[in-house]
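Based on the sequences and whatever the hints tell you, model everything.
2 protein chains.
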Amino acid sequence: MTEQISKLYPNGPLNTAYAQFFTGNSYLRNLISDPDINVGVGEVSFEPGCRNHWHIHHDGFQLLIVTGGEGWYQEAGFPARKLHVGDTVVTKDGVKHWHGATKDSWFSHIAITAGTPEWLVAVSDADYNALED
Amino acid sequence: MTEQISKLYPNGPLNTAYAQFFTGNSYLRNLISDPDINVGVGEVSFEPGCRNHWHIHHDGFQLLIVTGGEGWYQEAGFPARKLHVGDTVVTKDGVKHWHGATKDSWFSHIAITAGTPEWLVAVSDADYNALED
Numbered sequence: 001m002t003e004q005i006s007k008l009y010p011n012g013p014l015n016t017a018y019a020q021f022f023t024g025n026s027y028l029r030n031l032i033s034d035p036d037i038n039v040g041v042g043e044v045s046f047e048p049g050c051r052n053h054w055h056i057h058h059d060g061f062q063l064l065i066v067t068g069g070e071g072w073y074q075e076a077g078f079p080a081r082k083l084h085v086g087d088t089v090v091t092k093d094g095v096k097h098w099h100g101a102t103k104d105s106w107f108s109h110i111a112i113t114a115g116t117p118e119w120l121v122a123v124s125d126a127d128y129n130a131l132e133d
Numbered sequence: 001m002t003e004q005i006s007k008l009y010p011n012g013p014l015n016t017a018y019a020q021f022f023t024g025n026s027y028l029r030n031l032i033s034d035p036d037i038n039v040g041v042g043e044v045s046f047e048p049g050c051r052n053h054w055h056i057h058h059d060g061f062q063l064l065i066v067t068g069g070e071g072w073y074q075e076a077g078f079p080a081r082k083l084h085v086g087d088t089v090v091t092k093d094g095v096k097h098w099h100g101a102t103k104d105s106w107f108s109h110i111a112i113t114a115g116t117p118e119w120l121v122a123v124s125d126a127d128y129n130a131l132e133d
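Going line by line, the protein sequences match chains G and B.
Per full-length UniProt numbering, the very first residue in the first sequence carries number 1; after that it's consecutive.
Per full-length UniProt numbering, the very first residue in the second sequence carries number 1; after that it's consecutive.
Wrong hints could be hidden among the right ones.
Pairs count within a copy or across copies, as identical chains cannot be separated in the list.
[What the hints assert, rightly or not] Okay, derived cross-link-like pairs now, SDA-like style, lysine to any residue, Cα gap no bigger than 25 Å in a straight line:
1. 92 - 37
2. 7 - 77
3. 92 - 127
4. 7 - 94
It should be emphasised that the hints constitute simulated quantities derived from the structure, not laboratory data.
Printed below as a string of structure tokens:
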């Protein structure tokens with residue numbers, strides 16, 4: 001069963017398109033996808049423990065607006081940052097990063113994305129489990 | 001007194017910078033403003049009856065995500081569209097439009113904006129009051 005934690009939307013459908021780039025189940029609600037607009041907007045909801053793989057946005061950026069629950073954001077070489085409702089994240093062109101839920105909470109964010117993603121290795125269980133909820 | 005209707009944020013400070021382009025009081029919370037990112041993100045909260053003037057985004061666009069209350073969006077030559085929590089709006093380059101609260105409700109939306117705005121005439125009381133709440 002999915003649990004709605006977003007303050008704005010019920011969880012979207014199971015995110016099968018990107019499942020290969022995630023550890024655990026996520027749900028994706030497309031919000032804005034328009035050929036005349038160079039950013040796409042969607043809401044991603046992560047079950048507890050779910051996170052995406054390390055990835056990079058090339059020739060673009062990603063902006064996150066947290067809409068529910070508690071999660072993590074980490075850029076390579078920096079400590080993970082705990083995220084709560086209303087927090088925002090700016091990921092600049094070329095920056096290696098990942099994001100996802102905490103071990104014990106669902107997590108939802110709006111993502112505003114430009115450019116082309118490059119997907120890298122998964123966040124290991126050892127690294128993820130070492131984060132302090 | 002301001003009334004928080006956004007599901008995500010308390011109202012930001014009184015929107016004095018753009019007050020000359022609004023009828024009524026609005027409140028603006030800056031969320032993302034970064035010289036390396038070609039869109040800005042903020043949440044605007046409108047008191048009941050408040051709306052912005054007709055305007056155009058040149059060499060850009062504006063995306064709205066409704067975060068609370070009830071409002072209106074209208075493009076020149078089309079009927080006004082009633083907006084509720086979770087609704088999204090895409091305003092393309094060069095399109096003349098306005099947005100704001102209904103007469104009886106506070107209204108909040110996130111705005112994702114690129115390009116340069118051109119501000120035009122106010123939405124007249126006659127036209128605004130003719131809208132059916």
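Structure-based check of all given hints:
For a Cα distance limit of 25 Å, the shortest separation of residue 92 from residue 37 qualifies both inside one copy, at 19 Å, and across copies, at 8 Å. Proximity of residue 7 and residue 77 under a CA criterion of 25 Å is satisfied in neither setting, with 32 Å inside one chain copy and 34 Å between copies. Within a single copy, residue 92 and residue 127 get their C-alpha atoms as close as 23 Å, which meets the 25 Å cut-off; across copies the closest is 43 Å, which misses it. For the identical chains of this complex, residue 7 and residue 94 are neighbours neither inside a copy (30 Å) nor across copies (32 Å), given an alpha-carbon limit of 25 Å.
The structure is inconsistent with the numbered hints 2, 4, although it conforms to all the rest.
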